[in-house]
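Model the full assembly from the supplied sequences, consistent with the hints where possible.
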Amino acid sequence: MSLTKTITIEPVTRIEGHAKITIHLDDKGSVSDARFHVNEFRGFEKFCEGRLMWEMPGITSRICGICPASHLVTSAKAGDDILAIGIPETAEKLRRMLTLGQWTQSHALSFFHLSSPDFLLGFDSEPAKRNIFGLMDGHKDFIRRGIRLRKFGQEIIETLGGRRIHTPWAVAGGVREPLGVKERDHLLTWIPEAKETTFLALDTLKKIHEKFAQDIPNYGNFRSLYVGLVGEDGRLEYYGGKLRVRDGNGNTIADQLEPREYQKYFGEHSETWSYLKFPYYKPLSYKKGMYRVGPLARLNVCDYIETPLAEAERKVFNGLTGNLDVMNNSFYYHYARLIEILFAVEKIEMLLNDPVILSEDIRSKAMINRREGVGVCEAPRGVLFHHYHVDDDGVIQKVNMLIATAQNNLAMNRTIRQLAMQYLDGATITEGLLNRIEAGIRCYDPCLSCSTHAIGQMPLLVQLVDAGNKVVAERRRR
Amino acid sequence: MAILTLTINGEQVSGKDDESLLQIARQHDIHIPTLCHLDGLSDVGACRLCLVEIEGQSKLFPACTTKPQEGMVVHTDTERLKRHRRTIVELLASEGNHQCAVCVVNNHCELQDLAYEVGLQYVRFPYLYPKKELDATHKSFVLDRNRCVLCTRCVRVCHEVEGAHTWDIAGRGIDCTIIADMNQPWGTSPSCTSCGKCVRVCPTGALFEKGQTVAEMEKQRDFLKYIVTARTKREWVAEATEE
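In order, the protein sequence lines correspond to chains A and B. Quick note, the first sequence lines up with residues 0 to 477 if you use numbering that gives the first Met the number 0. Quick note, the second sequence lines up with residues 0 to 242 if you use numbering that gives the first Met the number 0.
Source of the hints: derived by calculation from the structure; they are not laboratory data. A few of these clues could be false.
Stated by the list, open to error - In silico BS3-like pairs for lysine-lysine, Cα to Cα no more than 27 Å straight-line: (1) A:K364 / B:K138; (2) A:K210 / A:K194; (3) A:K364 / A:K397; (4) A:K206 / A:K150; (5) A:K314 / A:K241; (6) A:K194 / A:K314; (7) B:K131 / A:K397; (8) A:K194 / A:K206; (9) A:K397 / B:K138; (10) A:K364 / B:K209; (11) A:K281 / A:K45; (12) A:K364 / B:K218; (13) B:K209 / A:K397; (14) B:K15 / B:K58; (15) A:K45 / B:K138; (16) A:K150 / A:K139; (17) A:K205 / A:K314; (18) A:K45 / B:K209; (19) B:K66 / B:K15; (20) A:K397 / B:K130; (21) A:K206 / A:K241; (22) A:K241 / A:K263; (23) A:K139 / A:K194; (24) A:K45 / B:K130; (25) A:K45 / B:K131; (26) A:K469 / A:K19.
Listed below in structure tokens is the structure:
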């Protein structure tokens, strides 16, 4: 009872940092469950109360050092909703470009910096070398290109927002600074290299798919729902659009859902053993409403991608799904992520070549016209919601944020269970199991890993718990 | 009016007997940090940052409200003063809720500048995290008491320059707070003329324009000299000509 009580009195929180995993065994010693525990508490939703709506983009972008631009844009959109105004065309296009710059840098970080050591050096290679520095030995050019691709994404953010991390540039009503001709021309010079690097990464990943063909089916291979933004015509969306839900067989079970009504469709379940909530699709039950968000989900829910190179690659991706219309294997998050980088680079090029991008009409001003506002955006890790209630003066009364990583929580737990069932041998936790669990979690590129394992290792505690709830084995990595 | 001769930091200087030590020091390009002082407003000696040492006196004196005396020997930059100033800024930091990273005046803040000047890298005192109110009821401006350092510039400019006397201080000690009229929401104040002078003179992000976002608010304070010169000298220029 006491644990339940603790959870219910806590304000809703965001998390980053450390992870604990427990693997539960039944009487026969077989895996009955596995849990991914998040033990950190931050309290953003609570301490934003009493602040002004206009400050929220600047405050909430501080939630994350990897994807601050996504929080910034989502918060600014919630602000637009409260002001009840349309923003200038240029402002929207600039915000779109910022979002894609964020995708590029975050996806490049996930693939090159965090995941490629597993892929190129092998899951069972020496942990001390299985990181980006270890790759510098034999894969120097590959990793250098990856670092530069990430730099391209960061340069977009820096060029638009004045700084790479935590720019306050997007605001309710638009953006603060326009894009100059010189800066536009400079960003355009990056495009050929960015495309080349993305293709190189795609080629590398395809070889990895062959190399790990035996392992891949165990990395979160199960049917679930998928949620993402799509345009009116079903195109891949990342800034605007409405929500689509598809099931694990590829059937669209809900389409063009209003982001503003997200609470009607998505519930947040709490478990006593983790601070990270378990969002689910409400029209189904908590148990059946597990859904995935992020690159894999976005490619699963969209009908097409508007840029030619990424669309061609999406068709190849779709060809891997067998007789289903959706890809149910979380290992293919990596593939989807690279396709999204390709899309981002192509789309950034289109936006930069659009003359309207240079307009200085970038900010609409208004006072409080609505007491409630919802902002939505596709962050690198999935759909992100910011929901604010304000008083007549714009002072925040209540905040709810639904973060991408949390929405993958149920699926991450399921993935760990699947990996434990496959790789747990007896009652000892081997290095191989630990590595595969790490890699399984990393498919989702959760913020925990981004923020804590910069050189390829995550502080991880894995416990084996028997049927009597006794810890029978434990292995810790810092 | 008499001209007096005194020594500041070993330098022989002269000043009028009705000027403050701060004025005389500044005329001779001797820097003394200040926070509550603003050219064009009366001085109250509230912040204690301009404290100076006077030889022959054991206590410290605020330069903004201390008049010169013939032969006075003043020191403005001793180790003792540096220690005091750093402590004052530390206390200000720990008493309020100053979150520079998400503040409207980040990079344009006098308190932040002072923190840099005194070399504040950490605060030795526990942060109090007081629960303070934000008043956003005015149609154009916001008062965020979390960032107020009680310098009273707003109170003085409203009283002395605008003549409205909307602002005042209520409470005692650490409970002191800026209030509008009879301690009512700013938006309901009958005396406020919405002139915005208080916003411009505020050294921190405690007073700002509604709609401003992080690090966006820059305050132009030169208007004050212009108004005061116009009023006292009948000259519509920023700097009055020397008499």
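Taking the hints in turn, this is what the structure says about them:
1. A:K364 / B:K138: The given pair, whose Cα atoms are some 14 Å apart, holds under the 27 Å limit.
2. A:K210 / A:K194: holds (24 Å)
3. A:K364 / A:K397: OK: K364 (chain A) and K397 (chain A) at ~23 Å, within 27 Å.
4. A:K206 / A:K150: Holds. K206 (chain A) to K150 (chain A) sits at ~25 Å (cutoff 27 Å).
5. A:K314 / A:K241: The given pair, whose Cα atoms are some 23 Å apart, holds under the 27 Å limit.
6. A:K194 / A:K314: Holds, at roughly 18 Å.
7. B:K131 / A:K397: With Cα atoms ~18 Å apart, K131 (chain B) and K397 (chain A) stay inside 27 Å; holds.
8. A:K194 / A:K206: Since the Cα atoms of K194 (chain A) and K206 (chain A) sit roughly 19 Å apart, the hinted pair holds (cutoff 27 Å).
9. A:K397 / B:K138: holds (22 Å)
10. A:K364 / B:K209: holds (11 Å)
11. A:K281 / A:K45: Measuring from Cα to Cα gives roughly 25 Å; hence the hint holds.
12. A:K364 / B:K218: Satisfied, since the Cα-Cα distance of roughly 20 Å is no more than 27 Å.
13. B:K209 / A:K397: The hint holds at about 20 Å.
14. B:K15 / B:K58: Distance of about 23 Å is within 27 Å: holds.
15. A:K45 / B:K138: holds (26 Å)
16. A:K150 / A:K139: holds (16 Å)
17. A:K205 / A:K314: Status holds; Cα separation ~14 Å.
18. A:K45 / B:K209: holds (22 Å)
19. B:K66 / B:K15: holds (9 Å)
20. A:K397 / B:K130: holds (17 Å)
21. A:K206 / A:K241: With a Cα-Cα distance of about 35 Å, the restraint between K206 (chain A) and K241 (chain A) is violated, given a limit of 27 Å.
22. A:K241 / A:K263: Holds, at roughly 14 Å.
23. A:K139 / A:K194: holds (19 Å)
24. A:K45 / B:K130: Roughly 13 Å between the alpha carbons, so the hint for K45 (chain A) and K130 (chain B) holds.
25. A:K45 / B:K131: Status holds; Cα separation ~15 Å.
26. A:K469 / A:K19: holds (16 Å)
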